[in-house]
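J.: Chains as they are written, first to last, in the numbering used here: chain C, 2 to 269; chain X, 1136 to 1418.
Here's a subset of chain C near chain X, in silico, CB distances under 8 Å, partners left out:
| hint | residue |
| --- | --- |
| 1 | Glu80 |
| 2 | Val86 |
| 3 | Gly142 |
| 4 | Leu144 |
| 5 | Ile217 |
Over the 10 Å line for every Cβ pair with chain C, so calculated as not near, a few chain X residues:
| hint | residue |
| --- | --- |
| 6 | His1224 |
| 7 | Ser1260 |
| 8 | Leu1265 |
Quick caveat, the hints were computed from the structure, so don't treat them as lab data. Small disclaimer: the values here were computed from a predicted structure and weren't measured. We put the CB at the ideal spot given by N, CA and C, even for glycine.
These are the residues of each chain, in order.
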Amino acid sequence: MEPSASPRALPGHVRPFAMSRAERIGWIVFAVLAAWAASRIDPSWARFVTGLANAERFFDRMLPPIFTPERELVRGLAESLQIAVLATALGLALSLPLGLLAARNLMPGWVSWSARFVITVCRTFHPVIVAIVFVKAVGFGALAGIFALTVASIGFVGKLFAEAIEEISMKPIEAVRATGASFANVLLFAVVPQVLYRFIGFIAYLADSNLRNSAIVGLVGAGGIGGTLFAAFQRFDYDYVLGILLCIIGLIMVGEALQLAVKKVFRQ
Amino acid sequence: MSDAAVPAAAGAAGAAREWRRFTPAERLARFATYFLCVAAIVASLRTVDVIPEFLADAPAQVQDLFVRMWPVDWAFYVTPRNTGAQTVHAALLDTLAIALLGTVFGLVLAVPFGFLAARNIVRLSWVNWLARLVLVATRSTSTLLWALFFVAVFGPGALAGTCAIAFRSIGFVGKLLSEAIEESHRGTIEALTAAGASWTSRVLYGYWPQVKPAFVAIAMFRWDINVRESSVLGLVGAGGIGMAMNAAIDTFEWQRVALILLVIFAVVVASELLVTWLRKRLL
Chain C
2 MEPSASPRAL PGHVRPFAMS RAERIGWIVF AVLAAWAASR IDPSWARFVT
52 GLANAERFFD RMLPPIFTPE RELVRGLAES LQIAVLATAL GLALSLPLGL
102 LAARNLMPGW VSWSARFVIT VCRTFHPVIV AIVFVKAVGF GALAGIFALT
152 VASIGFVGKL FAEAIEEISM KPIEAVRATG ASFANVLLFA VVPQVLYRFI
202 GFIAYLADSN LRNSAIVGLV GAGGIGGTLF AAFQRFDYDY VLGILLCIIG
252 LIMVGEALQL AVKKVFRQ
Chain X
1136 MSDAAVPAAA GAAGAAREWR RFTPAERLAR FATYFLCVAA IVASLRTVDV
1186 IPEFLADAPA QVQDLFVRMW PVDWAFYVTP RNTGAQTVHA ALLDTLAIAL
1236 LGTVFGLVLA VPFGFLAARN IVRLSWVNWL ARLVLVATRS TSTLLWALFF
1286 VAVFGPGALA GTCAIAFRSI GFVGKLLSEA IEESHRGTIE ALTAAGASWT
1336 SRVLYGYWPQ VKPAFVAIAM FRWDINVRES SVLGLVGAGG IGMAMNAAID
1386 TFEWQRVALI LLVIFAVVVA SELLVTWLRK RLL
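Required output: the full structure, derived from the provided sequences and hints.
T.: Structure representation (structure tokens):
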């Protein structure tokens, strides 16, 4: 930010927080884009007011929350948990090697670029879109959700793994290599000790993210509580919807607490 | 590293003492964690409701899907399904508008909560706690669930999607912003306080210049995520390209679905490249 004198200021007075030219152009571009977006979507005051009336009715029907039929609710939550656990395990099994292959400091260029491409493709599509494709491939149910979240896991944590491996110090690697160790031994004794604790943090984060996503893949028929929720929504059972939502939020908070506990165990 | 105890030779004459890296309680906690992880996986595997025939059939089905997707229906990008319907191009522009406007609204709503949640700005712990609760609640509900809610409120369309994106962004941006504020240096603030600056001046000239780079980075990061999320909002009727995709899937027009998937891929990759480039230029 270079200070520029304002025309009306006293001579010698410098405005301390003046914007640079690039910053000003950036803001103008941003304002034009925002105005274009607003004109496309048209968030008018009238719509807001009608919306408020709808929201009031919506909340009226939502309260108090009910938790029946319980059987569906419990089954949906359990299936969401299963999807999250299995997708995390499967995703880890695939993204650990992929993350290693994508690390540019350990792998030749073409290997890391192709691994990076796979990770990017997995990251690009929202889990729900991937879930749609898998529902077509393996039918409705938990399996589609597991596969969809596995793909999402690879995209999410594969990149973090690769970046963590790229940040390690090369000195232990040289030292281990100097002893004539095989590549597997280099990995085991020079790479893994440097990244293990960060990886545990990422894994906890991944499990948390999968738990959140496992609650929504059901919207497209890929199993879990999302299907129950969507069905209740379409039946206008808004009080049951609120009950399900509260259960999801509770589950996510338990997941977050578990994540913190795991990090504490591993002293992060 | 492994949890194995590392025995080390004690002094030559001294009694052999065993050195362990972790206390027994720590080892127990670690073992319990590993055990619970394995138990969760085994329990899930045993109880999950998977139909084996579907699993065996999957490769053939995936192949069938790709065959149906080819050749990609490129013309669909500019030709509407029927007269009066939206083209994919228009739906894409809607998606981008939703992502941008949703991010802007989200930022505007998140800034006050971010400041209220920062313990060094507002010294009332109950206010901090309340603001944090709002941030956690908006973060725990995923964008699609917010979209369901706003579709019920505003009716189907891009406005519902924008609000969904905005509300989901509040928790994310607010949390990161309050952390950035709490990490800002005391020096400038103390200088301003010593000069007799008011609370507003301290925030505007002491805190804001310090958190601005972090704020810009958070905003770009969230916009990138929002582009991705706004592509699926249409599945619940909240506008954008997801609606076009939903329609194409419901009628099994896989060549058109392929086009839409490619368009989403291109836009998401482009936005990621843009954010990377901007971050390099700005920060």
